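Undergrad: Construct the complete structure from the given sequences, taking the supplied hints into account.
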Amino acid sequence: MDTVKVLQEKDCRFLGVCRKDFPLVLEWSASGVEFFTAACQATAVIEGRGNAYRDANISYLGIFADGQFVKKIPVGRGRKKYCLFEQENNHRVLLRIVKLTEEQYDSLVIDSIEADGEFCCPEGRKRSLFFIGDSITAGYGIEDIDGSRVFSTAEENVTQAYAYRVTGLLDADSQIVCSSGDGIISRWIPEEEDAPNTDRLLPDIFPFSEVRPASALVSYVGTNDASYIRGRKERERRFLTAYSAFLRKVRMTLGNPPVLLLSGAMETSMNSLLPGLAETEGYDYLQFPLQDTLADGFATDTHPSAKTHEKMARLLAEKLQKILSW
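In this text, residue positions in the sequence shown follow the numbering used here: the first is 81, and each later residue adds one.
Just so you know, the hints here were simulated from the structure itself, not pulled from any lab data.
Careful, some of the hints might be misleading.
Claimed, not checked - Only pairs whose alpha carbons sit at most 25 Å apart, straight line, appear in this in silico SDA-like list of lysine to any residue:
| # | residue 1 | residue 2 |
| --- | --- | --- |
| 1 | 402 | 357 |
| 2 | 151 | 118 |
| 3 | 206 | 172 |
Everything numeric in this text was worked out from a predicted model, so none of it was measured.
TA: And the structure:
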């Protein structure tokens, strides 16, 4: 078996937001690695580290060959060898390994990847998009086809969500930083509570040191903040001030690309706030239609379904093509 250490860029290409030291650590959704291989079998030694914040759930990896989904691998706690891919002949394929689940639930360490064939690094795409989001961007509960289950990472899949989908439509690389329940000034809170939940907010956890420049910054946050803001003017002002400062800092880190703000698919109160922020800061804005749950169904906790995400991706692709002249 030929062995490749995943930090060697001559053999593979890193995806998303990940640490490229040795060993390779995958934390954020859609982080991973891809390479060409004609191997009949590829395996990897992977460690599931767990996360004290949400320790009950494990991570899942998605395996894709030539863009087609092959299988989903649950990665438990501890260090273990996993079979990534098998085929009967030595047909050359582009093998992509993608972390489907969020940073807050688990992180993965890939010690090595082995195969009975050579590895070849694919070329990177010329276009790149950076996404900031919450559970919607993460594909929260998206594989729960009737919305009936209690959330678990088994039903989460970022590759079915709008952000990952749109990069396929536009032939672009993606970096995705998303965290369910998180907001700018408050996490999601239930109706009976009134104080903000500041236990873990996006500006506090954003991995500034790990991101790369991008062609555009697309931000879809505010759904969780809305559970706290509730139309109160002082809270709206606080949100807009904090959101504006956060976006400026992220944009600078990414090389000052165009910024597109999103809202609307699951919650509508942000639709009246964000156009003004976009106009003031010189950003673009796109309002998604509110999800049609009767026609398209819904995922866990009434999150958008895969059908809704597909519609969102197409609308977003059209908007980005206009903004970026792609």
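Undergrad: For every hint, state whether the structure bears it out.
TA: We went through each hint and held it up to the structure:
1. Taking the CA atoms of residue 402 and residue 357, the gap is about 20 Å. The hint holds against a cut of 25 Å.
2. For a cut-off of 25 Å, the pair hint linking residue 151 to residue 118 stands: about 18 Å separates their Cα positions.
3. Among the hinted pairs, residue 206 with residue 172 is consistent with the structure: their alpha-carbon atoms are about 23 Å apart, no more than 25 Å.
Violated hints: none; the structure is consistent with every hint.
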